[in-house]
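Undergrad: Residue-level listing of the chains:
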Amino acid sequence: MRGRRAISNWVLLLLALHAIVILAGFFAPYDPAEQDRKSPYLPPMQIHFVDAQRHFHARPFVYPLRLREGAFDQYEENTARHLPLRFFVQGARYQLLGLVPIRMHLFGAENERVYLLGSDSYGRDQLSRFLYGGQVSLFAGLLGAGMTLLLGSSVGAIAGYYGGWRDDLLMRLAELFLALPWLYLLFALRAFLPLAVNPLQAFFLIIAVLGAVGWARPARLVRGVVMSAKERDFVRAARGFGATGGYLLRRHILPQTLSVLFTQVAILVPQFVLAEMTLSFLGLGVPDPVPSWGNLLSSLQQYSVLVSYWWMYLPALIMVPFFLGYLGLGSRLQEQGEPYKIGK
Amino acid sequence: MRYFLRRLVHAVFLLVGVSVLAFVFTVLAPGNYFDEMRLNPQIAPETIDALRTQYEVNRPLPIRYAHWVGSVLRGDMGFSFAYNSPVAPLLLVRARNTLLLTVTAMLLSWGLALPVGIWSAVHQGRMSDRLLSWGTAALMVIPDLALALGFLILAVKSGWFPTGGMVSLHFEDLSFLGRVRDLLLHMALPTAALVLSVLPLLVRHVRAAVSEVLDAPFLLAAEGHGIPPRTLLYRYALPAAANPLISLFGFSIGTLLSGSLLVEVVMSWPGLGPFLLEAILARDLYVVIGGVLLSTFFLVGGNFLADLLLYWADPRIRTETSS
Amino acid sequence: MNAVENDKNVQPLLEVENLVKTYFRRTLTGSRENVRALDGVSFSIFPGSTLAIVGASGSGKSTLAFCLACLEKPTSGAIRFEEREILQFDEKELRGVRRKIQLIFQDPANSFNPRWQVLEILTEPLALQGNLSREEIRLRAHALLEQVGLAAQMDGKLPLELSGGQRQRLAIARALIIEPKMLILDEALSALDCSVQAQIANLLVELQRSRGLTCLFITHDMAMAAHLADEIAVMSKGRIVEQGHPDKILKQPQAGVTRELLAAVPRLDSAPAQEPES
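Chains as they are written, first to last, in the numbering used here: chain L, 1 to 344; chain U, 1001 to 1323; chain W, 2001 to 2278.
For reference, chain L alone in the conformation it holds in the complex (with noise of 0.2 Å):
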């Protein structure tokens, strides 16, 4: 089926995304916190092939930069120097997958840091950083959306399914927390938890923060299916031979709500990125050294970086294809709704 392919066009790019970010390692060239404080606020450094004096060459390179006559922050191409990018070459070590230790990385040069996406104060690569930082926040948006899921699923099952006060309680508590602007109730919980943490402890309040926080709307979508899913007649057909409430929830009930749930993701992810880097950005989220696509670009906040250091804003557009994705496949989603529903 037509719309089945493009689900699927989407889930691959989504995957493909993800895969570079997983092995950020194999495809970052250097370690996100390796400084270089003789480099800082270098620009990118463009990819040529053909030289100074015209010649193409088959092999992509770049030339370093050096600060230019009388100024200090000003860089220029050194045309004198070639620096070829080598493939598959051995770096800095790090672990593949958090398991294997390995040094290769897609690409490098000799003696010399490239840096295709610039520097930051410290020298750090930002290509690197970008990467690294993709695994944060790209896993804090997505753990967060599970654990909503998971809380919100559970709550819209118990109030669907059994009703009554139970019911009535649950979506009370719901409306209440629909009736807080979602990212002031984020800063809100965010204030009443301790402020200093080191990353790890942050990563994990995040997820927590943003779980408790948007579990509400999913809840209500997964009560309706529910309700309505429970009137059904195949399950009363199911109690009628003597199904028990567990079996009628697992078997029919709840595969019910899975296109909704998987609509769900594709809309929750990016919003939880999103929140994760306004966290980060602001310095409530994910500290330093530890890279995340929010803490990359707070160094914007200072006027000087904003006016003279502009690709210090690029990982803000380079964030835009996993957006994309997700967008793409929750569009679809919507679209698809239920393959299987019997035609009057």
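Here are the simulated BS3-like pairs of lysine-lysine, each with C-alpha atoms no more than 30 Å apart in a straight line: (1) L:Lys38 - U:Lys1157; (2) W:Lys2248 - W:Lys2237; (3) W:Lys2100 - L:Lys230; (4) W:Lys2237 - L:Lys230; (5) W:Lys2157 - L:Lys230.
Derived by calculation from the structure, the hints in this document are not laboratory data.
Please build the complex by placing chains U and W on the supplied structure of chain L, with the hints as guidance.
TA: Leaving out everything else, chains U and W in the frame of chain L:
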């Protein structure tokens, strides 16, 4: 009238519930709040001890809550340590600024989203609709943070717009028209950032709501009676779409309020956002609660307005309540 | 139609006494209103016979069906099945009773999980019972498919691939696979085309004869009821207003409701339908 009262009670209930939640957070927060305050050099130890007694740390919860609600209703929202002044006046000024930004953005974004969404629904499937669809998608995938920062860079690089604040330093010296112009210039970029962050979502939902109504059988029947298309749209279709659109309106208030928080901080607009952030970093407890409560008040209030609008717009609700 | 000897020794399979069911309904604005779906219903059914309950929509027929199938709890009254008072049962015992009274629903499209295949649907009741091997289950399933007139190759299909008549056959097969004592048909033929109705009706008669089933047939179609049932009870607004042998009901209807239902039956003779005497 009964409907109005019922929705009012509901709104009040929500506010009370949120206040309870907020209160419970402060009390149950892990990492003793007062201990963290000790680490803050700005707050004197005597203040902390005085606060501990004042906030009756050892009294039972419901009593503390009651006292707190009592003082809030009297207009006393607590004390800000960072600013050394009562919270309420500080918050109200900031709230006014946030409202200015948010309400303008609301009017602009709905003012754009409604015609564009309706037009798009009417011309469904045509090239123009599809282009629009891609356009909104392109806008939607840009993270709000990127949008706000992008606008800031624009301001800085072009010099056409001020890079922060609500008014210029010499605001007082300007003529009335000059003041208006100054305010508008300062407002332009934050409003634009807010509107653009919310617009694609609104356009999509408006389009979806209207096109669902356009597919309805009753509309087809009316068309069969020979009613001209323009009348069909304005007198038949749009009133039927009013219900989901008004719910969308209520939902968009929340989105805009949250969005304004970010935009205000990034673009230095002196609203609740930056104030709240400072308060969090300074562990200024009562400002944080006050800010959250105030923003909730706006959201609940906005939804209450939406409920009233719904009563006016949807005859089904009117007949239900009168029967 | 099976006429059961009114043998003094034969006890009714099902006895219903003064069944009342009220529930609350929420309107759009949140106010509650009280609905009395069943208002003191009493009757009995003898084993092997068919009772038809005839009424217009809203008369409480479906609520009655759900209460008898133990899918809903009545507000008050008594139900005796096999001479045991089932309203006192706990959930576990109720589950056992549910297996003995099977319900067939009106809307064939909704009776099955749309993602499941025919074989899965058919064997679900046996799988729930849990005491037969996979092979035995499959054999029984295929045997039943044959009995209801469905081809064995259909077992891999999805419900949406079946016609309305085929779906109802499947529903009947599924209901019979655990060998219940009683079958309740809640407007089971109403959603089918006329010709298909006749086929399924005859299938039901055949199955009932061969298995000695007791049937409760709920419908608004008086003609169908007369064709299938040993006894007819007419229901209106939650009460039984008239009860008796089909011939008597048809020839000498007492209640106004009965006459309205009779008048609603489409007739193909040249003479116009008799106006009900007011």
